[in-house]
Amino acid sequence: MIRARLTTTAVLDESTDVVVTTAGRWAAVLIATSIPYRLLQALFLDQIFEVGGKASHYGHLLGGTANLIVLATLVALWGRAVYARACRLALARGSSPGREAWRVPPAALASYVLTAAAAAFLGYLTLFTLIGFAAAVVFSGLAIGTMELNERVSVTRPFALIVRYAKSVRIPIALVFVFFCAVFVALINLAAAGQLAMWLSGTMGALDAPNWQLLFGMGNRRFVLLLFAGAVIAVEPFWIAANVVFVRKAGTQESGDDLRAWFEELQRAS
Amino acid sequence: MLASSIQRCAVHQQRPGFARCMTCAKTLCQECATQWDGIWHCAACLGARRTALVERSRVPAWIGVVMLSLLLLYCGARLMVWTGAVIAGLF
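So the protein sequences, as listed, match chains A and B.
Start counting the first sequence at 1; every next residue gets the next number (our numbering).
Start counting the second sequence at 1; every next residue gets the next number (our numbering).
In case anyone wonders, no lab produced these hints; they're calculated from the structure.
Where hints are given, some of them may not hold.
[Stated by the list, open to error] Stretches of chain A that chain B covers, calculated by requiring three or more beta carbons in the stretch to come under 8 Å of a beta carbon on chain B:
1) 69-77
2) 110-116
3) 144-157
4) 241-250
[Claimed, not checked] Chain B residues, not near chain A, derived (Cβ > 12 Å throughout):
5) Arg-8
6) Gln-14
7) Pro-16
8) Ala-43
9) Val-81
Note that CB positions come from ideal geometry on N, CA and C, so glycine has one too.
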């Protein structure tokens, strides 16, 4: 499945193939495990906007939600690990993987939890500096991409692997930019679909359309936050697949496996 | 460590000695000797060393990874609240 040269478009093309192959069961696992995490994030943001400048008086409320987010994060990380493994298997075989995708090696999962926790910490720390936050997103993408390369548990090796693949940082940065745009495109699509549904429901007399429009209108902060959560959930399978494809392609280029595969292809063709 | 030409490999008697295992001191031919960290070892001693290394390093590494992950998750949650409070103060 490693076909084209290592470029952003090649990574995006192959990740689309991988998502199509793994769509269904494995994308459903990812989405099902991500929903609690994203909804709790939306709830946290809603609480932040609700309490406003008096946030310091609501430490227990915000802290309680943050603790729930940490628990939901662990579930979401497991879902991402299963999906990333499914992507890797699909990349190797060219067909949807079976039950073996569930068997994420414990060392790989532990390494991923460590690097993802570090990425989240880095993300919150540098939230106000946009470049720092973008770096944290690149780091988190490489964390899921390199997850399965961790054959043994180590505190330092997962980070060393990320640094190794970050050497060709141009492509991960391009991927962050592409997926940042994709989230907004997904958001616009979801909002348009919502408005269309509202408009259609308005044509039915039995529904209390004005009331629904208040709930599902863009003026409702909670609805907008839910739309954001939905957009991120919709884009996430492609994001993870792109990072897995990038790491695999970069790895094969580094080891010379791409040349070997190309040579074999030429031999078969002749 | 180079062995003299008179000595023979402990595994292959017909072959001349090439090196000596630094753990069991057996003379080894070129095929049986493996250099690791600049030191010659026989296959058995190298295997035993590797097993011991893996077994020794597993538990502390797991403890380290789990503790560091929990610490980062806890600090991340606190940082999330702090960042949230700062953002809330802006509105």
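Results of checking the hints against the structure:
With a threshold of 8 Å between beta carbons, the proposed coverage of the stretch 69-77 of chain A by chain B holds, since 4 of its residues qualify and at least three are required. A count of 4 residues in the stretch 110-116 of chain A with a Cβ less than 8 Å from any Cβ of chain B is obtained; the coverage claim is therefore met, three being the minimum. Coverage of a stretch by a chain is defined here by at least three residues with a beta carbon nearer than 8 Å to that chain's beta carbons; for the stretch 144-157 of chain A and chain B the count is 4, and the condition holds. Residues of the stretch 241-250 of chain A lying with their CB closer than 8 Å to a CB of chain B number 0, which falls below the three-residue condition for coverage.
With a least CB separation of 38 Å from chain A, Arg-8(B) remains clear of the 12 Å interface cut-off, as annotated. Against chain A, the non-interface label of Gln-14(B) holds: every CB pair exceeds 12 Å, the least being about 38 Å. Distance to chain A confirms Pro-16(B) as a non-interface residue, since its nearest Cβ pair spans about 36 Å, more than 12 Å. Remark: the non-interface label on Ala-43(B) is consistent with the geometry, its nearest Cβ contact in chain A lying 22 Å away (cut-off 12 Å).
The beta carbon of Val-81(B) sits about 5 Å from the closest Cβ of chain A, which is not more than 12 Å, so the claim that it is off the interface is violated.
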